[in-house]
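Make a model of the complete structure from these sequences and hints.
Chains A and B, in that order, give the protein sequences. With the numbering used here applied, the first sequence has no gaps in its numbers, which climb one by one up to 444 at the end. With the numbering used here applied, the second sequence has no gaps in its numbers, which climb one by one up to 738 at the end.
Keep in mind the hints are simulated off the structure, nothing from the lab. The C-beta atom is built at its ideal place from N, Cα and C for all residues, glycine as well. Hints may be right or wrong, so weigh each one.
Stated by the list, open to error - Computed footprint of chain A on chain B; a stretch qualifies when at least three of its residues, placed anywhere within it, have a C-beta under 8 Å from a C-beta of chain A:
{"no.": "1", "segment": "611-619"}
{"no.": "2", "segment": "693-705"}
{"no.": "3", "segment": "728-735"}
As the list claims (entries may be wrong) - Stretch-level coverage of chain A by chain B, calculated; a stretch enters the list once three of its residues show a Cβ under 8 Å from a Cβ in chain B:
{"no.": "4", "segment": "146-152"}
{"no.": "5", "segment": "188-196"}
Said to hold, decoys possible - Here are the simulated DSS-like pairs of lysine-lysine, each with C-alpha atoms no more than 27 Å apart in a straight line:
{"no.": "6", "chain 1": "B", "residue 1": "K733", "chain 2": "A", "residue 2": "K186"}
{"no.": "7", "chain 1": "B", "residue 1": "K729", "chain 2": "A", "residue 2": "K175"}
{"no.": "8", "chain 1": "A", "residue 1": "K198", "chain 2": "B", "residue 2": "K729"}
{"no.": "9", "chain 1": "B", "residue 1": "K730", "chain 2": "A", "residue 2": "K178"}
{"no.": "10", "chain 1": "B", "residue 1": "K652", "chain 2": "B", "residue 2": "K678"}
{"no.": "11", "chain 1": "A", "residue 1": "K186", "chain 2": "B", "residue 2": "K729"}
{"no.": "12", "chain 1": "A", "residue 1": "K178", "chain 2": "B", "residue 2": "K733"}
{"no.": "13", "chain 1": "A", "residue 1": "K199", "chain 2": "B", "residue 2": "K652"}
{"no.": "14", "chain 1": "A", "residue 1": "K198", "chain 2": "B", "residue 2": "K733"}
{"no.": "15", "chain 1": "A", "residue 1": "K186", "chain 2": "B", "residue 2": "K730"}
{"no.": "16", "chain 1": "A", "residue 1": "K175", "chain 2": "A", "residue 2": "K9"}
{"no.": "17", "chain 1": "B", "residue 1": "K643", "chain 2": "B", "residue 2": "K630"}
{"no.": "18", "chain 1": "B", "residue 1": "K729", "chain 2": "A", "residue 2": "K178"}
{"no.": "19", "chain 1": "A", "residue 1": "K199", "chain 2": "B", "residue 2": "K730"}
{"no.": "20", "chain 1": "B", "residue 1": "K630", "chain 2": "B", "residue 2": "K547"}
{"no.": "21", "chain 1": "B", "residue 1": "K733", "chain 2": "A", "residue 2": "K185"}
{"no.": "22", "chain 1": "A", "residue 1": "K9", "chain 2": "B", "residue 2": "K729"}
{"no.": "23", "chain 1": "B", "residue 1": "K643", "chain 2": "A", "residue 2": "K185"}
{"no.": "24", "chain 1": "A", "residue 1": "K199", "chain 2": "B", "residue 2": "K630"}
{"no.": "25", "chain 1": "A", "residue 1": "K198", "chain 2": "B", "residue 2": "K730"}
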Amino acid sequence: MNSPDIAQKNLTEIVSRYDKPTILSRVLFIFFFLVILFAIYAFVTQLIKGQIVTGMRDYVVWGIYDVNFIFFIGISYAGAMISGILHLLHVEWRKPIIRIAEMITVISVIIGPVFILVEMGRLDRIFNIFTHGRIQSPILWDVVAIVTYLCCSILFLYLALIRDYALIRDNTDLKIVKWHQYFYKKLAVNYIGLPQQKKLLNRALTIMSALIIPLAVLVHSVLAWIFGMTIRPGWHSTIFAPYFVIAAVFSGTAVLIIAMWVFRKFYHLEDLITEKHFKYVGTILLVLAALYGYFTFSEYLTVWYGSQTWELEVIYKLFDFSDYGAWFYLAAFVGVLVPMVFTGLPFLRNINTITIGSVVAVICMWIKRYLIIIPTLETPLLPLQDIRPEYAHYHATWVEWALTAGGMATFCLFFMIFIEFMPIIPIADISEAPEKKEFISEKL
Amino acid sequence: MRLKKIYPVTIILAVILGFGYIVDAGELINPRLGATYVKITDGTKSIFLSMSARVDDERVNIANVPLQIFAVNESAKILLGTVVTDQNGKCVLNIKPDKSIPKDSEGYFTFDVQYTGNQKFNNVSTTIHVKDVFLAMSFSDKDSTENVIVKVSALNETGAKVALANVPVEFYVQRLFCLYRFGGGKSDSTGFCTAEFPKNMPGDTSGKVIVVAKILENDAYGTVETVRDFTGGKPLIVEQKPKRGLGDTDAPLWMVYTLLVLLSGVWLHVLYVISLVIRINIIGKKALKQGIAE
Chain A
1 MNSPDIAQKN
11 LTEIVSRYDK
21 PTILSRVLFI
31 FFFLVILFAI
41 YAFVTQLIKG
51 QIVTGMRDYV
61 VWGIYDVNFI
71 FFIGISYAGA
81 MISGILHLLH
91 VEWRKPIIRI
101 AEMITVISVI
111 IGPVFILVEM
121 GRLDRIFNIF
131 THGRIQSPIL
141 WDVVAIVTYL
151 CCSILFLYLA
161 LIRDYALIRD
171 NTDLKIVKWH
181 QYFYKKLAVN
191 YIGLPQQKKL
201 LNRALTIMSA
211 LIIPLAVLVH
221 SVLAWIFGMT
231 IRPGWHSTIF
241 APYFVIAAVF
251 SGTAVLIIAM
261 WVFRKFYHLE
271 DLITEKHFKY
281 VGTILLVLAA
291 LYGYFTFSEY
301 LTVWYGSQTW
311 ELEVIYKLFD
321 FSDYGAWFYL
331 AAFVGVLVPM
341 VFTGLPFLRN
351 INTITIGSVV
361 AVICMWIKRY
371 LIIIPTLETP
381 LLPLQDIRPE
391 YAHYHATWVE
401 WALTAGGMAT
411 FCLFFMIFIE
421 FMPIIPIADI
431 SEAPEKKEFI
441 SEKL
Chain B
445 MRLKKIYPVT
455 IILAVILGFG
465 YIVDAGELIN
475 PRLGATYVKI
485 TDGTKSIFLS
495 MSARVDDERV
505 NIANVPLQIF
515 AVNESAKILL
525 GTVVTDQNGK
535 CVLNIKPDKS
545 IPKDSEGYFT
555 FDVQYTGNQK
565 FNNVSTTIHV
575 KDVFLAMSFS
585 DKDSTENVIV
595 KVSALNETGA
605 KVALANVPVE
615 FYVQRLFCLY
625 RFGGGKSDST
635 GFCTAEFPKN
645 MPGDTSGKVI
655 VVAKILENDA
665 YGTVETVRDF
675 TGGKPLIVEQ
685 KPKRGLGDTD
695 APLWMVYTLL
705 VLLSGVWLHV
715 LYVISLVIRI
725 NIIGKKALKQ
735 GIAE
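Here's what the structure looks like:
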């Protein structure tokens, strides 16, 4: 069999594994949809009654909406790092997981900024950012960077899909509805695998993969500068940008591992996403956990040693078990050590333990973002006097939790919708890999 | 039988209620009425009033009560106006300079302020007895010393201005939040009172300051003030900040250029990649037309 024929057979075989919806997938779809509906109800409540239905007040003006924003932008690093860097380095084993990584990037960059829109009290003034934006403001940099990053991520994902769309367009075995066929035909842009087309597509992919890496670094640096350039305890730090970048790559890689586990398990991709992939990505996670731990230690040691009164106030809130202590130690120690142990010790290292380590990392990284934002805002320079307790301490309300759950559900639901329109595994790439070509051919 | 029982009860209730009313009526509070007279540069006279009372050993302000102000002399009593106290128990009546106010034979104004009382408070009144005084401010520069001179005068029986001696006058410069006192003294026999204007007193960019002279809460004259601009201060040198900076409307140029270079760098690459996709499409279309495929 020649290469296109193998690719077509691979496509039919792989897509057939998850083509028919199972009861579980239907139940999950309905569940996510209901959660999103509840989130919409919460948002409408917030629109009608105003931000008073949230826990945000005069001092703590950023709540878990902002935590979610940073969290989602952080996990978007999965695509930038895994697909961008590994593509540039021509790493072969990246191929089965590259699509999942790119999808994580696009979906999370779509969802993340929505939380900022939700957080805004006056959505009708959103265009003021563009009409009255000040170039000096990191907020404007953030808007520009995220919009650019989103466009580039979508383009990068699309470029990687062109060859697969061409395969689906030409496939006669798959039962594809008419409008889907039209959709694939248009998106395949008449790609028929001519050497000149291959060359141009490879060039485009190389440019985008080279572009998306600095762009991703810039996006998270800018996000860090929103905090770092504010003179507040716990924020005004020179290492905040690289610290945020490392934290983002760490959480992004962890989410990628979880997504790999889910797709492998529920879409029957055990032969494509193997233990080898988990171990390789797990090794990346190990290195990142170590780097993240180092940055965390360096950040807090410097601040604690400096002993500035204002800074110490926040530090002691984080160290104190009656305040944020439990959460801080969970994020700073458990969130670093558990992934390191599960990915670092050979006798513990397997698909499930690496995934558990990743789940712990993701949860702890969400908590860490909470600890970056809330304790600092609860510590203004002027002492709090004669104010109501809810102004001094932030507690997220049901509206905020509902929208947070809505964000998570949208993330999962988008995945389910995306795979209706694009193969989870880059079939064309896989079919080109010598060992995989052979492997799949044997199966066929 | 029933009526016999009801009558005594009704009578007792009526007695209790009636007694309660008498007790209430007997517990009317005596308010305190404060009044001060202020005359400013343009001749506007203001009467500042305050109403308060001691209730349960605490001084409370009385809001929303009407106060009548009369100008009184031997032959006339004219109602100047009625003002109502605000939430702080204060109110003010402004009398325009052209308003004719009767004076007594010695040239004094007598303002009678009256409160007629209500169910809670007794009536109360107070009187302000002040002479209409004029302050005229001038400046002189003698031996490199700047002086502020104020002439204090009043009208005599014939309506002519005569100097007033021995009247205490205070001198101030208006600062951002309050008045800064720089001198004071009493008028001499010619009615003049002089104060040396301090050297190096910061003014605005042209050295202009606002000088205020006051007769302060005087028993005979009330508070009288006059205000004039004086270009004798030290000109303020405003630091010429660069127009483009972090705090300015326009961003520093390096920032603009950096953003432009970065954005155009990224977006030009994106456009180039899109052009590559278009080329892939064109090549494919041509090949399909010619029947060439891999």
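Starting from the hint list further up, note which numbers the structure goes against and sort them upward.
Of the numbered hints, 1, 13, 23 and 24 do not hold.
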